[in-house]
Amino acid sequence: MEAIVRTYLDTVVIGASVAGETPRNTSQAWVKVTQIGTRVIGNADVDHFHAYHIQLDCYASEGGPAGQVEAFDLYQDVRAALVNLPGTTVAAHISTVRFTAALRLPDEAFEPPRQRYILDAHIYAGAYDGVPS
Amino acid sequence: MAFLPNPTFLKQLEVEDETVGALEEAAEVVAAGANELRHSFYREPGAVLVRNESSRVAANVYVVNTDPGGHMDEWGSVNNEAYAPLRTAVSNAGLEFQESPKQS
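Residue numbers (my numbering), protein chains in the order written: chain A, 1 to 133; chain B, 1 to 104.
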């Protein structure tokens, strides 16, 4: 699911790279996609329908107030894109996207702290061809 | 005689000792799971604890990570992955995480 979300966001979110890890060049805005976990919905004996727990870190290219605006705009773009994910042709049957947390948590590992909004999403998807990732 | 439902029934039920006890029981499971999953970033790590701040008017049972690096453990940083011990423990306990559960 990480790969599906990355590929999808890469095509619809403009002005930021989308990656599964921190890019080498952190002077541009980026979105980091991390799969926190997954669980089977319904009959646990049938591996068909899953809820994927995905964390999306929307990083600005800088800290401070300007970075906050940039990170927030990126977060809004990502959120809007994911709202439209069900019904979009991707390599999975996405039925619902539900958000369970959205917060601003600057990354203190940067100096100065880099502005970041985090979006927590649960993506409900049916089985599909290919290897889940 | 007309039946008049008690409008505060759910509120009363919520603060019953049995209800708060059930919440505490679930919170203990989450806290134990989170303590298994969490990482420490500092020399004096905290712990994941259950705090019961319920009163006669509200049932408030919290699972709290007192580790000073708990936010980095939960949400990640440029240097470490988001290990998400609290959110994962909620899910592992068979519960569903909601950011702001609606207050009745």
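Hints in this document: simulated from the structure, not taken from any laboratory.
Source: prediction; values computed, not measured.
Heads up, some of the hints might be wrong.
Said to hold, decoys possible - Take a look, some chain A residues computed to stay more than 10 angstroms from chain B by CB distance: (1) Thr26; (2) Thr34; (3) Arg39; (4) His53; (5) Asp57; (6) Leu105.
To be verified - Just so you have them, the derived chain B footprint on chain A, three or more residues with Cβ under 8 angstroms: (7) 90–102; (8) 109–118.
For every residue, glycine included, the Cβ atom is placed at its ideal position computed from N, Cα and C.
Against the structure, the hints come out as follows:
Listed as a non-interface residue, A:Thr26 fails to keep its Cβ farther than 10 angstroms from every Cβ of chain B; the least gap is roughly 7 angstroms. Against chain B, the non-interface label of A:Thr34 is violated: not every CB pair exceeds 10 angstroms, the least being about 5 angstroms. Not every CB of chain B is more than 10 angstroms from the CB of A:Arg39 (nearest about 6 angstroms), against its label as outside the interface. Taking the minimum C-beta to C-beta distance to chain B, about 7 angstroms, the non-interface status of A:His53 is violated against the 10 angstroms cut.
The beta carbon of A:Asp57 sits about 7 angstroms from the closest Cβ of chain B, which is not more than 10 angstroms, so the claim that it is off the interface is violated. Non-interface status of A:Leu105 relative to chain B is broken: a Cβ of that chain comes within 10 angstroms, the nearest being about 6 angstroms off. Coverage of the stretch 90–102 of chain A by chain B holds [criterion: at least 3 residues with CB-CB distance below 8 angstroms; count 4]. By the rule of at least three residues with a Cβ nearer than 8 angstroms to a Cβ of chain B, the coverage given for the stretch 109–118 of chain A holds, with 4 such residues.
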